Amino acid sequence: MKQLAVTGNIGSGKTTVCKVFSALGIAVFNADEVAKELYQREDIKAQLKTKFGDYIFAADGQLDLAKYAQLIFTNKARLEEANQLVHPHVLEEYRQWSSDKQTMPYTIFESAIIFENNLQSLFDTIITVIADEDVRTKRVMERSGIQSKAVKERIRNQMDEKLKARQSDFVIDNNGKTALIPQIMHIHETLTSQ
Amino acid sequence: MLRIFIFMNKIFQKPTINKGLIPSTDRIKSDQLLFIICIVIASLFWFLIKLSDPYSTTYTFKISYNNEPTDKMLTALEDSTINLSLRARGFKILQLNLFENTEEANINLSNYKLNQRSETEYFIYTQPLEERIANLLEIPETEIQFSKTTLSFILEDLESKQVIVEENLSFLFTDQYDLYEEASISPEKVTIYGPLKVLDTVNSISTEQKTLSDIEENQVVAAKLINPNPDLLRMTPEEVNVNLKVEKFTETVFEIPVDLSKLGVSVRTFPSKVKLYCKVAQKDFNTVQEAMFNVTPVVSDEDISKSDKLRLQLTAKPEFVRNVRMVPTEVEFLILK
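Those protein sequences? They're chains E and V, same order as listed. Read in order, the letters of the first sequence are residues 1 to 194 in my numbering. Read in order, the letters of the second sequence are residues 1001 to 1337 in my numbering.
Just chain V, same shape as in the assembly (with noise of 0.2 Å):
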């Protein structure tokens, strides 16, 4: 100590001007830079030592599986999270801090004996997990200790069903452009697994929202399938084709004659026709004829003694007309005598 402390105060001192002996700027330096250098190299040293030591930490793992068997699914943790207590050098415990992810297990269950505790309620030992991870840490079995023995969880049993699929796009088409009929869904239904309860509250899937603007022809649309519960449920396939027929239309107008015949008693209406305006595809517009639409009078013979009006109805109509449109709704009549 005393050579230390003497060998220090002459790398400190400062200098002192002395007849005939002056020491140089460049001395000083260099002593100050080895003293640093020695410094570094006891702390290394130092350091080297602690890490050699046994220390004990714990670790509190957020816990998650995979590979359930293939008929059942997981719905629940029981125990979402594990603290792992262990024993190990210094030099193990900077590399699992530094090197390896000690937030989150992922348990692979394929690996592991699974144990029913109730119908659905199943748990596997931690003690093969022990195992594991010494021989992944190369340190004694011994020295590692999970604060359970058991990680528990609910497995179901995996059940499917089909539902059919409701498309939920948005067309805003060119002018004069609709759909000649209605889009079609490719395939229209798929199967869905999940636990039986949660199936039980599902009867249809939708596809994404999705707009598609200035369509003037057919098309094909890929959609994809909204979840409505990705923790729980499965599909297959999960993006359906949506098919677009598309036509041009043009507005008609026919006038039709109130069809009287199956009131009980004669009546006249004023007017006696009705105009009916309707969009019709071109491709069908020689096609349409007055005779394919029929309307009607809503009231029945008891009700008829009673009206001002009688309320009309369209009672048939070709399918590929559309958007009709009676006018007047309601005629005056006389119940002729």
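So that you can see chain E by itself, here it is in the shape it has in the complex (with noise of 0.2 Å):
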């Protein structure tokens, strides 16, 4: 079984792109789906808490995430930081997701953070999907409520997507000029004709 990881910046389409790979048979891992969860777990909790602080957390005990991507997604070094905190629970998990899918093809792990974690080196297959700045924009505020200003904030903390593509195995233009279903089906029937 192939490991696949698609990635892309914020508001590029990777969920849409991982949307038709399942409903082609193919298990997709999302590992932003799977971070939420990590949030819940009280040793995660208590960890966030002696990073960051109590503002982060509502009355209730749970993570307020709006504030917590606030914090995060402003600063490129507490992002870092919440990565790190994260992540090695978040691929503790994807290494059991995957351990009972062997017979298939291939597996998708979705994440926008392939690169900035140095997580290549995981995956057999590397699929970026990319979309100009203003259709990220536009696609976030929409999806999210939030501010233009906020959005193109987080953009910059992350990494360019030029670079992100030239280490790609595959690049997806999802920029609405061209047909994405195309794409995939060619990235498709590539792995699994191999």
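Don't read these hints as lab results, they were simulated from the structure. Please note: incorrect hints may appear among the correct ones.
Said to hold, decoys possible - In silico SDA-like links for lysine to any residue, alpha-carbon gap of 20 Å or less: (1) E:Lys-36 - E:Lys-2; (2) V:Lys-1309 - E:Ile-113; (3) V:Lys-1337 - E:Gln-62.
What the hints assert, rightly or not - Label-pair distances were calculated between CB atoms; the ranges are: (4) E:His-186 - V:Ser-1204: 42 to 50 Å; (5) E:Asp-160 - V:Leu-1169: 54 to 62 Å; (6) V:Thr-1211 - E:Met-141: 32 to 40 Å; (7) V:Lys-1275 - E:Leu-163: 29 to 37 Å; (8) V:Ile-1335 - E:Met-141: 50 to 58 Å; (9) E:Glu-153 - V:Glu-1217: 41 to 49 Å.
Note that the structure is predicted; figures quoted are calculated from it, not measured. Here a beta-carbon is modelled for each residue, glycine too, at the ideal position from N, C-alpha and C.
Assembly of the complex is requested from the two constituent chains, each provided in isolation within its own frame, with the hints serving as guidance.
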């Protein structure tokens, strides 16, 4: 079984790409969703509290994701710290998740920070989804209701998508002008025919 | 004559300086004034004598009619002018020129016998008109003569039909306000009267153009109707009321799944839901639900294998939402095997 990673910056359309792979019968591990679940774990919450303080937690003791996102996405150093704290646990979950999928031609690990966390060596194939900054900004604004300025700040704290694309095996253009599915089908057929 | 010559010579002769006899200036002026008065009186008498002589003259009248029969309409004039020759004393002609209308003759058709020449062509004899004018001017009828013995015109049967009214008003609303429902017109139909061939060309009547600004509440606007053919058509009523039901609107967005149930094949779309941006009246805001909308692909089963994308259409929406904008309007898809 090959291990494939789908990455891309905020608003690039990683999740849409992974939904298409999923419809083709490929198992997709969404690292962000798993990370959100991990934030419910008491040991992780305790480590976050030690690193960033109490104020990112709501009165009921749950992590306030909006405050947490505002804290880490506006500062590169804090983002790296948060990733280092959570990602070892995410990877552990991924290993367990993929252990029973050995018969599949390949599985997908969806994460925005493959390159930022130097995880590329873990995967056989890396796909980067790219889209122009304006397109990504608009998508995030519509999806999350965040102001343009805040979206651009988050984008600035991410690695340049051109660098990601250069280090990837496949690049999917998701500007909305080129059809997505033919690009995915091409990758799928390449991977399954090998 | 000799006397007059001597008299004038006396009046206008230069004063001569005679020893011991100098004529006064006042005397000269008085004589001149007397002479002018005599001239004026003589002219007046001459004018009065001349006015009492008989003269002949001709007037050209433009013909118009009124009081046509209630079931008919005057649609054309075959004789639009008529010449009237009359012989009368100068006094009478002066009176006519000074005090009477000698340019237009308005004929009340209810006072005349209408004679039919063909299906729509009618005429009246000018003889009764001559009598009336003779009586009016107090001159013998034999001294009056029209250039025509008849006056012809077209009278068509007056038909009626009901036509719808179309409002031609522009509405400018205050921010967030809009029409809650289409402006209603009261009455919705009006009756128009006229010849059949004209009625057949009219299917609706428009209101006058009017712009209403800063609208933010219900209004009833009176609007005059525009007669498309004022010469040949009459309308009842001539004014309608336009009723505006106005509400405050807000924009909202719904995420609606693409309904693929009508496609014969198993398909998955990307995205599976589309966003519908729409305006809803605030009073309906709590009523509107996602289940009231339906979005389906446009393609048929045969076309789907040839398409790259599915074009979407909104097939159901509540009546009270408006300005619905769908994003995206087409989606990519996979045929699942």
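Here's how the hints hold up against the structure:
1. Between E:Lys-36 and E:Lys-2 the CA atoms are separated by roughly 26 Å; this puts the pair beyond 20 Å, and the hint is violated.
2. This hinted pair does not check out: V:Lys-1309 and E:Ile-113 have alpha carbons roughly 31 Å apart, beyond 20 Å.
3. With a C-alpha separation of about 43 Å, the suggested pairing of V:Lys-1337 with E:Gln-62 is violated against the 20 Å cut-off.
4. For E:His-186 and V:Ser-1204, the hinted distance range of 42 to 50 Å is not satisfied, since their beta carbons lie about 59 Å from each other.
5. Evaluation of the 54 to 62 Å hint for E:Asp-160 and V:Leu-1169 yields a pass: the beta carbon distance comes to about 57 Å.
6. In this structure the supplied range 32 to 40 Å holds for V:Thr-1211 paired with E:Met-141, their Cβ-Cβ distance being about 37 Å.
7. Look at V:Lys-1275 against E:Leu-163: about 32 Å separates their beta carbons, and that is inside 29 to 37 Å.
8. The supplied range of 50 to 58 Å is broken by V:Ile-1335 and E:Met-141, whose beta-carbon atoms lie about 33 Å from each other.
9. The beta-carbon spacing between E:Glu-153 and V:Glu-1217, approximately 44 Å, falls within the hinted interval of 41 to 49 Å.
Violated hints, in rising order: 1, 2, 3, 4 and 8; the structure is consistent with all others.
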